[in-house]
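Hints are included, so try docking the two chains, each in its own frame, into the full complex.
Chain order of the listed sequences is A and B. Sequential numbering of the first sequence, starting at 1, is according to our numbering. Sequential numbering of the second sequence, starting at 1001, is according to our numbering.
Hints listed in this document are in silico derivations from the structure and should not be mistaken for laboratory results. There may be inaccurate statements among the hints.
[As the list claims (entries may be wrong)] Which chain B residues face chain A? A few, computed with CB under 10 angstroms, are given here: (1) 1100; (2) 1141; (3) 1146; (4) 1152; (5) 1153; (6) 1164; (7) 1166; (8) 1174.
Where a beta carbon is used, it is the ideal one built from N, C-alpha and C, also for glycine.
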Amino acid sequence: MNNSTDLEPTGAVVMEVNPGPPGLAFGLVQPGDILAVMVDEWKQPSDYFVRQAPFSAIERAIFERSDKPVTLRFERYVESETESIDTREFIESHVGDRTSVHHSHFT
Amino acid sequence: MRAFAHPSVFAVRSTGVARRFPSPLPRASRARLAVAARASSEDTSRPETSREARRDVHAPRSYTREYSVDGDESYSLLDTTQGFGPPDTAMAVGSTWGGGDDERPLDASSRSRLPAAWPDRPDVVTATSTHTRHPHVVSVKLPRPVADHIKFQPRTAPPLSSTFAELRVRARRSKSEDCAFLFPKQKQTKRGKILSDPLRTSPRRTST
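Isolated chain B (complex conformation) (with noise of 0.2 angstroms):
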């Protein structure tokens, strides 16, 4: 009972639900009660809303409000434009990844000169070649470029429309009758040009 002695932490607000079920405190604890919940700067002080505003300010986010609730305001959950949620990419406006000088080229000429310019600094590379080890997640920290010490290719398979638009470069080119009931066999001219391909996508070729 001594909790309820203290009425200005359990400050009990005027509801229809107080109304209904009163309380059964002595009328003195009652009455101190009301003058605290009504001395609230909060209450007093905050305009009334409606019970479904307040029910919004307190609502879990959704895809029904604009943006989110949880204190990251800084991008939208219905802007189509950018995806929904935040950016999972690092690859967004602002990014540095892949900004630096790009070490590509990968020809016979280059590989053959790649360990006299590598590495710029060898200590460097001494006390960063460590690692750690985990039975699911390897860490390795390495001098760049990292295309010199691993080789990598996608994890995802191109999607099947690529598939399907090589096995047409690949039926227009090879002379093999594999591909042939896929694609319906097109006029071509002396040179050897296409005349008519509603398919084709190059405007470079359209324009010829």
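Bound conformation, chain A alone (with noise of 0.2 angstroms):
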């Protein structure tokens, strides 16, 4: 199966986050992170996975002009667990805001 999405690189890596505005995940992201899902309500399917997707493909969703936000999950690998947990935080920001975790398991 030769498909031309084999002869162009896929999945999506996070290179550079940016500081200033417009940016908003400054802090949130970090470069190395891994893109694996865009979750938006209005697009048909809402869920794109993007691990194996073309390149080209991702692009043209992150560069997407819209008013409808996207949600973003990142995969993040980390040499020793107990250096990124916090629980506080954990909890604090899934109790305060229920938007932000409307289609994960803790709604």
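Spelled out as structure tokens, the structure:
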């Protein structure tokens, strides 16, 4: 199976996070985080799993301009699990705002 | 022993195994069981099928069957044009991802006018810029375009053939002899046109 997708790179990794305006992800997303899913309820289908998707298609969705927000899920692989665990912040963020966990299992 | 008093629940089919190992029940109970099995609407209405066909119906999903038996018949397992299994990307037919306005221009003039054009709805931005954090999964809700916040690069490298082609182009453009051993010299006209290049793939160049 030699698709056209075989000849181009796939997946997306965070290369740089914009620290200044209009960047809002600085401090939350780190370079090296792997983009796994993009969630948009106004899209069909609402979940776009980008691990195996061609980068050109991911780029199209990234540069897309719309007034609808999009939820990005990243995978972060750390060497030591205890370093990145902050239980207090984790619980507060889930209790305080339900819109941020609309698609997660915590609702 | 009470369970054997309800033959409709424990319906016994007349199979070879049952015949080889007769039931230890008393004769009266066996008669009731036989009547119940014969009166079962399932056995009477279903046409007689071979043992192989029945096994195939209940077989697990495999590559030998064209369609899955798990209920999802929307994709074929043997259609090589679609690839094996369900479509794992959302860029299949009917997807609306990437279908909106493309905010691609990244030249200097576009960058300069970007803050003025963004954001369209500041209230939406403040309402959706919250985040959740997890040791291994980071979830962020961002306004579009996402490229304003995060720059991405491909996760996987381009295949080796592309790298080879890039080296070839670089060797052709530069005067250095680093890659000369990989690519033999080509005859060129005075205007710089390449006369014979069997590996050339661009149709524009072949027409010249």
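List of violated hint numbers, smallest to largest: As far as the earlier hints go, 6, 7 and 8 are violated by this structure, in ascending order.
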